[in-house]
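Student: Whole structure, please, built from the sequences with the hints as guidance.
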Amino acid sequence: MAKTFTRPASMKDAMTHYCPGCGHGIIHRVLCEVIDELGIREKTVAVAPVGCAVLAYDYWDFDTTEAAHGRTPAVATGIKRVLPDRLVFTYQGDGDLAAIGTAEIIHAGARGENISVIFVNNGVYGMTGGQMAPTTLVGQTTATTPFTRRPEKDGFPLKVLEMMSVLPGVTYLERTSVHSPGEVVKTRKAIKRSFQTQLDRKGFSMVEVIAPCPIYWGLTPVMAMKRIQEDVLKAYPLGVVKEGSERI
Numbered sequence: 001m002a003k004t005f006t007r008p009a010s011m012k013d014a015m016t017h018y019c020p021g022c023g024h025g026i027i028h029r030v031l032c033e034v035i036d037e038l039g040i041r042e043k044t045v046a047v048a049p050v051g052c053a054v055l056a057y058d059y060w061d062f063d064t065t066e067a068a069h070g071r072t073p074a075v076a077t078g079i080k081r082v083l084p085d086r087l088v089f090t091y092q093g094d095g096d097l098a099a100i101g102t103a104e105i106i107h108a109g110a111r112g113e114n115i116s117v118i119f120v121n122n123g124v125y126g127m128t129g130g131q132m133a134p135t136t137l138v139g140q141t142t143a144t145t146p147f148t149r150r151p152e153k154d155g156f157p158l159k160v161l162e163m164m165s166v167l168p169g170v171t172y173l174e175r176t177s178v179h180s181p182g183e184v185v186k187t188r189k190a191i192k193r194s195f196q197t198q199l200d201r202k203g204f205s206m207v208e209v210i211a212p213c214p215i216y217w218g219l220t221p222v223m224a225m226k227r228i229q230e231d232v233l234k235a236y237p238l239g240v241v242k243e244g245s246e247r248i
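Position 207 of the sequence shown, counted from 1, bears residue number 207 in this note's numbering, the numbering being contiguous throughout.
Simulated from the structure, these hints should not be mistaken for laboratory data. Keep in mind that the hints are not guaranteed to be accurate.
Taking lysine to any residue pairs in the SDA-like style, the calculated list, with each CA pair at most 25 Å apart, reads [what the hints assert, rightly or not]:
#  : residue 1 : residue 2
1  : K43       : Q196
2  : K12       : V185
3  : K3        : Q196
4  : K226      : P214
5  : K186      : T4
6  : K43       : P84
7  : K12       : I40
8  : K192      : T4
9  : K189      : G39
10 : K43       : R188
11 : K153      : D231
12 : K186      : V45
13 : K192      : D61
14 : K234      : V185
15 : K192      : P84
16 : K234      : E183
Tutor: Given below as structure tokens:
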């Protein structure tokens, strides 16, 4: 019997270290499918973060390097400027990008660096024990907000795309999710569009992907996907936030 569903050529045959129900595996595969479709595997360079995806190079069969915590956009900038013919993208979680790396991502966007950013937002620090992240929802319980996140004490969640949308150097911003098959398809299209934006030399682009963290949300994988639909998307609505020079 012929196979109708196979592993992308850009993805290694490796056992996952991610927790059951984690969104990273879905996003990893989607990235590889897009790279295969564009035929750019030999010209792609990824920059992995410090966080749950720190071992992304164990799964991707294309050039991948590591960066110090939060410095991922700075490393990607250096690679792209030295090798402008490469497709360079960063893969970052909410700690790497929206906490310790806030300055790097803002200034990369302000400079209009011709790179792509894949921002995985699961609203919690997964690698270090489930602490509150900049993107943690108001009312959400974490290891460091046992009485839930309260605005008067902990502030409000950081909406990275909306913040980046005011920068003239930023060309394309879209928020997607992986909580359903249909949304996975939309995520794939958005990542392809971000990569094509870079290939067309149009400047900085970012795709924020809302993903589940069942372990630190204290939910089953199925219930974690349901939480995204019912709660998370109220705070982080899906869709294009900026296209070209226009904010949506």
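Student: Tell me, which hint numbers fail for this structure?
Tutor: 3
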